[in-house]
Amino acid sequence: MRLQLSPELEAFREEMRTFFTTQIPQDIRDTVAARRHVSKEHYVRTQRILNAAGLAVPHWPVEWGGRDWTPLQRHIWREEMQLANVPEPLAFNASMIGPVLAAFGNQEQKERFLAKTANLDIWWCQGFSEPDAGSDLASLRTPAVRDGDDWVVNGQKTWTTLGQHADWIFCLVRTDPTAEKRQRGISLLVFPMDSPGVTLRPIELLDGSFEVNEVFFEDVRVPAENLIGEENRGWDYAKFLLGNERVGIARVGATKRLLAQAKEYARATTVDGRPLAEDPRMAGRIAEVENELLALELTALRVVANSADGRPHPASSVLKLRGSELQQAATELIVDIAGPLSVASYAEEGSDVPDWARVATPEYLNYRKVSIYGGSNEVQRTIIAGTILGL
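Residue numbering for the sequence shown follows UniProt numbering, beginning at 1 and increasing consecutively.
Treat the hints loosely; a few may be bogus.
Stated by the list, open to error - Straight line, CA to CA, 30 Å or less: simulated DSS-like cross-link-like pairs of lysine-lysine:
| no. | residue 1 | residue 2 |
| --- | --- | --- |
| 1 | K369 | K116 |
| 2 | K263 | K110 |
| 3 | K181 | K40 |
| 4 | K110 | K256 |
| 5 | K40 | K369 |
| 6 | K239 | K263 |
| 7 | K369 | K239 |
| 8 | K256 | K369 |
| 9 | K40 | K116 |
| 10 | K40 | K110 |
| 11 | K116 | K263 |
| 12 | K239 | K110 |
| 13 | K239 | K181 |
The set of hints was computed from the structure by calculation and includes no laboratory data.
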């Protein structure tokens with residue numbers, strides 16, 4: 001089964017495909033295709049090229065760099081970018097704080113931050129999770145106490161992805177510890193990562209990389225003008241932000257690319273004298289992931305078509321749930337195709353282990369995170385039960 005697009009949308013798809021495959025430097029695209037580490041410099045170069053062409057933040061309001069596209073055009077834009085091995089615009093900027101500032105920031109904040117956020121002149125990081133407040137985010141404790149024209153922040157955040165590159169952090173803090181409901185005492189502050197009292201400590205991940213961090217705050221003074229929206233309304237903004245994040249987490253195009261690579265590897269891998277792709281069990285596994293991916297794509301189209309005024313549809317939780325599961329299934333499939341070679345992650349350069357097999361296990365391990373971030377899959381099932389199924 002294939003989705004049939006109108007001639008106009010086919011022309012749009014071809015326009016996106018041509019741009020991504022000709023204007024983004026080949027060395028960057030090769031890095032993504034080989035599933036190697038994408039550096040800060042790669043992200044910045046790519047996003048600035050996209051922004052100059054008006055392709056970094058098409059889902060934002062037009063006055064702040066967005067495009068007056070239909071939901072289907074935005075879906076095609078994202079999918080073609082992923083299929084072309086282009087690093088996506090930094091999610092913390094493009095999909096998280098940017099839309100929040102556009103929707104809830106005051107005019108001064110929009111003028112101060114949005115253009116620099118779109119162009120990655122400011123690299124943002126996310127200060128949400130705490131050691132005792134991850135999926136149960138409403139239990140966060142980091143206090144912000146008003147002192148004259150400042151908020152004074154103390155506490156700790158954790159799992160701060162790419163915080164080592166960040167210039168600014170958007171941070172949920174507790175501004176009313178006496179609120180009857182925990183959600184009502186939370187506010188959203190933004191401040192520079194080099195503010196006095198901010199300390200960042202890296203966390204080594206299962207695959208040996210350093211992608212996430214702990215961030216500590218000790219009497220960090222944040223100007224009152226850096227409060228986003230209204231005091232004690234941060235929970236509303238967080239839900240808006242996370243809903244936008246979950247739509248992008250589906251990563252249909254990226255999983256399609258992984259699956260296409262898996263097929264290629266299976267054809268090139270010989271077991272008992274014949275290509276592994278001809279093994280009925282392997283062929284069945286590939287077909288199963290393909291069918292599930294098509295169902296996810298159709299769901300993604302329904303979600304974007306029913307998202308009003310840029311506000312995410314409740315079914316974005318379905319995208320997050322199934323999208324993360326299928327990303328993990330695709331990385332597991334590649335590990336199984338690599339077989340014993342998949343344990344050669346740390347083989348010396350120059351060995352006869354192909355590069356794709358060398359990175360298979362580290363990537364598989366790294367992708368365990370996708371069912372946790374953006375709201376764990378257990379939390380998504382609860383949301384689906386309550387908001388969609390009415391249970």
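*If any of the earlier hints don't hold here, list their numbers in rising order.*
2, 3, 4, 6 and 11
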